[in-house]
Amino acid sequence: ELNIEATSHPLFEGLGGGAHVYFVHSYGLVPTDPSQVLASVDYGGPVVAVAGRDNLVGTQFHPEKSQAVGLRLITNFLKWRP
Numbered sequence: 001e002l003n004i005e006a007t008s009h010p011l012f013e014g015l016g017g018g019a020h021v022y023f024v025h026s027y028g029l030v031p032t033d034p035s036q037v038l039a040s041v042d043y044g045g046p047v048v049a050v051a052g053r054d055n056l057v058g059t060q061f062h063p064e065k066s067q068a069v070g071l072r073l074i075t076n077f078l079k080w081r082p
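The opening position of the sequence shown corresponds to residue 1 in this note's numbering, with each subsequent residue numbered one higher.
No incorrect hints appear here.
Label-pair distances were calculated between CB atoms; the ranges are: (1) PRO82 <-> GLY14: 13 to 21 angstroms; (2) PHE77 <-> GLY17: 16 to 24 angstroms; (3) LYS79 <-> GLY45: 26 to 34 angstroms; (4) GLU1 <-> VAL30: 19 to 27 angstroms; (5) PRO82 <-> SER26: 28 to 36 angstroms.
Calculated from the structure, these hints are not laboratory results.
Nothing here was measured: the structure is a model prediction, and the numbers come from that model.
Don't be surprised by glycine CBs; every beta carbon is placed ideally from N, CA and C.
With the hints as extra help, turn the sequences into a complete structure.
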């Protein structure tokens, strides 16, 4: 379940709580600046799912394989004008 921490970020427009996304690997990002964590998941502890700052955003999951949630994220990204 995606825990959106930056609820006002345009990437998450139209997404509510309980969104599920598709992870396929075991790599993890350890943030040096927690303010850059935009969303996380709990997988035996917090795992960064989306990180970003300024006009940069990266996902740790596959939005293209995340069904309706992924489609919404991709659409929001394409509409985003930082």
